[in-house]
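Q: When you get a sec, could you build the whole thing from the sequences and use the hints?
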Amino acid sequence: MSQQTAADSDAGLPLKRIGLYAVLIGMIVFYLIPIETGLMTAITHPDAYTGGHPYLPPAPGDISLQPFTNAVDALGQGMVNSVILVVPATILSGLFGSMAAYGLTTVDWRGQIGIYMLFVAGIFIPYQAVLVPLTQFWYNIVPLQDWVEMIAPMIPFFQDYHWKLVALIITHTAYGIPICTLLFRAHYKKLSDEMVEAARLDGASIQRIYRRIILPLSIPMFAVVFIYQFTQIWNDLLFALTIVQFGDAAVVTQDLVGIGVSQEGTNFPLRMASALVAALPTLLVYIVFGDKFAKGVTA
Amino acid sequence: MAELTLDSVTKVFTEDDGNEIVAVDDVDLDIEDSDFLVLVGPSGCGKSTTLRMIAGLETITDGTISIGGEVVNNKPPAERDIAMVFQSYALYPHMTVKQNMSFGLEESTDMPDDEIDEIVTDTASMMGIEELLDRQPGELSGGQQQRVALGRAIVRDPEVFLMDEPLSNLDAKLRASMRYELQHLQEELGVTTVYVTHDQTEAMTMGDRIAVLDDGVLQQVGTPLECYHTPNNHFVAGFIGEPSMNFFDMDVRGGTLEGESFEYELSPEVEQNVSGSDQVTFGIRPEDIEFRPNAMPTDGHDFECTVDVVEPTGDANNVYLAFDEDVEEEQTTFIVTVSGMQRVESGDKVVARFPEEAIHLFDDRTGEALKNRSLEDVDSVDMNV
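Those protein sequence lines, which keep their order, are chains A and B. For the record, in the first sequence the residue sitting at position 226 is 226 according to the working numbering, with numbers rising by one throughout. Quick note, the working numbering runs 1000 ahead of the 1-based positions in the second sequence.
If you're looking for bench data, these hints aren't it; they were derived computationally from the structure. From the three backbone atoms N, C-alpha and C, an ideal C-beta is built for every residue, glycine too. Hints may be right or wrong, so weigh each one.
[Said to hold, decoys possible] Some chain A residues close to chain B (C-beta under 10 angstroms, calculated; not the full set):
id : residue
1  : G111
2  : S192
3  : D193
4  : M195
5  : A198
6  : R200
7  : A204
8  : S205
9  : R212
10 : I213
11 : P216
12 : L217
[Claimed, not checked] Take a look, some chain A residues computed to stay more than 10 angstroms from chain B by CB distance:
id : residue
13 : L24
14 : L32
15 : P88
16 : L280
A: Okay, here's the thing in structure tokens:
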């Protein structure tokens, strides 16, 4: 009996398996072709680039790392600005989101559902609707520029133009809090009420419970939130265009827009190399937080 | 150590649609210093809510709770000098056993670290968990987690221990040994303890006194044997005891009780007890029924029966009997406990005797006990133990 089923599956499976693998390989090719094309283009010398078959490897004589070195040179300042923006904005939105979710979920008080609804509503405010108010706010209402110019000389490496990045950090943090709150709230709802009560009986205050119990138990969720927020903020162009507009504080996505475009034509190898360089940090974040991320989404 | 007093404590929950639910209704309890009180009742009877009010995790709608003579109604849980053991153990999963046990002392006292360390280590060795101190709760078995949860409460050296069904997640064998150990520990520490359970075996075996709660109302407070032998009402009689007391609905016709399956003659003294009721519930414990195989009925308290089902438990047999007088379709069965050594088989014809001194009678409307088992025939029972 068992032998027969074994024989059946031996005969039946290969066909199914072949089909399955064919589909999988097809999908891998489908998803990887654009990246592969980008990579092949990026290692072609700009003068040798014809645009005929961009997905084929360049001829050995045409291989060049020049597009990459040029890309790193051109994007350097933007990359630094992006890091200055993304790291604090990601950490702050995650931290505030976690605190808000704790206050709205684990701590019990009147009216918390109403406040939570406001948070949820915040997720659905379209970016386009706040562009003009944002410009007004940072350029005409809040004298952030004056404040920064006042304290900038006291802090090493801190330049006057950084005020735009500070404004961008605050904006992205505010915009990220609702979605972070939502993610953390889902996590905190699963934590045992009895455990929090035990901590209260043990004499811990609301702040202490957060710091010693809730925060350590949120680490997998922080990985999820950090990856999500990092990617969102790193890739954002709209807020950067609105608030930074132009100048020394331009972030990497802004630099990417115009790179390799000139009247003589488009330098595709440089554009491709720049795109790959600009995407590298998000890739690194996935690799670093990947295993925690998996724990967080399956928790 | 301190005494704990509940005075007319009431808890009303208001639902979102404005409905009010009375979870705990006017409960009075006096728990003496170093007493072990078991709060027992079916699920949803308000026993956990009562415990949570003592802990300060629920507000008190009405009445007062005092610990050591001091009203604690408005004190936060941390200031009540209590420690609680939860059903789920509620250990902090990211901390080691040692950190779990130290947490309360770190948060609630200014004790220096080495002193905390010493107390935790001492308690751990008393609980037999010193080799687990560096492990995390996830690596422990249910029984070990239970010990850690107890240890965490003991370390606090509180005035009152509150325990919310702490043994219900353990397997039967471990539960029996933990029952003994907990009692032993409580006696040794002499801490006033309130223990909530739905398991009447735990209530009977562990408590100095038990308080039976049903539907938010306190039904009876007394020693386990008081509640067993002289229940205040129908509910307590049915809840305490395993297998449960047999109940039959009867009409009162002067000195005779008439039921669907049998009639029962009452002696003049007992007749007086039921004179105020038209209908009563007749109750008798399974072990009080005399079981006579191969006998003939001698008087009106003997009934001819047939064995329906036998449940052997080893030391005893729970025998389900059906009255022979009943018509086939509407047979009433009742349980008799006989020695495990006695051979009983389904279909056996037997005589069951309901001795008058062993019967309980409850008013049908109020459920109140009109007559309880007289204990004159058994002088060995000391109800205060």
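Q: Against this structure, judge whether each hint is valid.
A: Structure-based check of each hint:
This hint is violated: A:G111 has a C-beta 14 angstroms from the nearest C-beta of chain B, more than the 10 angstroms allowed. At a threshold of 10 angstroms, the smallest CB-CB gap from A:S192 to chain B is about 6 angstroms, leaving the interface hint in force. Interface hint status for A:D193: upheld, as the beta-carbon distance to the closest one in chain B is roughly 9 angstroms, under 10 angstroms. Hint on A:M195 holds. Least Cβ distance to chain B is approximately 4 angstroms, under the 10 angstroms limit.
Look at A:A198: its Cβ gets to within about 4 angstroms of chain B, closer than 10 angstroms, so that hint holds up. With a least beta-carbon distance of about 5 angstroms to chain B, the hint placing A:R200 at the interface is held under the 10 angstroms criterion. Because the smallest distance between the Cβ of A:A204 and any Cβ of chain B comes to about 4 angstroms, under 10 angstroms, the interface hint for this residue holds. Satisfaction of the interface hint for A:S205 is found here, the shortest Cβ-Cβ separation to chain B being roughly 8 angstroms, below the 10 angstroms cut-off.
For A:R212, the shortest C-beta to C-beta distance to chain B is roughly 7 angstroms, which falls under 10 angstroms, so the interface hint holds. Against a cut-off of 10 angstroms between C-beta atoms, the interface hint on A:I213 holds, since the closest Cβ of chain B lies about 6 angstroms away. Taken as an interface hint, A:P216 checks out: its beta carbon lies about 5 angstroms from the nearest beta carbon of chain B, inside 10 angstroms. With a least beta-carbon distance of about 6 angstroms to chain B, the hint placing A:L217 at the interface is held under the 10 angstroms criterion.
Separation of A:L24 from chain B is adequate, the least Cβ-Cβ distance of about 36 angstroms exceeding the 10 angstroms criterion. At roughly 39 angstroms, the least C-beta separation between A:L32 and chain B is larger than 10 angstroms, which holds for a residue marked as non-interface. Listed as outside the interface, A:P88 is consistent with that label: its C-beta sits roughly 26 angstroms from the nearest C-beta of chain B, beyond the 10 angstroms cut-off. Under the 10 angstroms C-beta cut-off, the non-interface status given to A:L280 relative to chain B holds; the minimum distance is some 33 angstroms.
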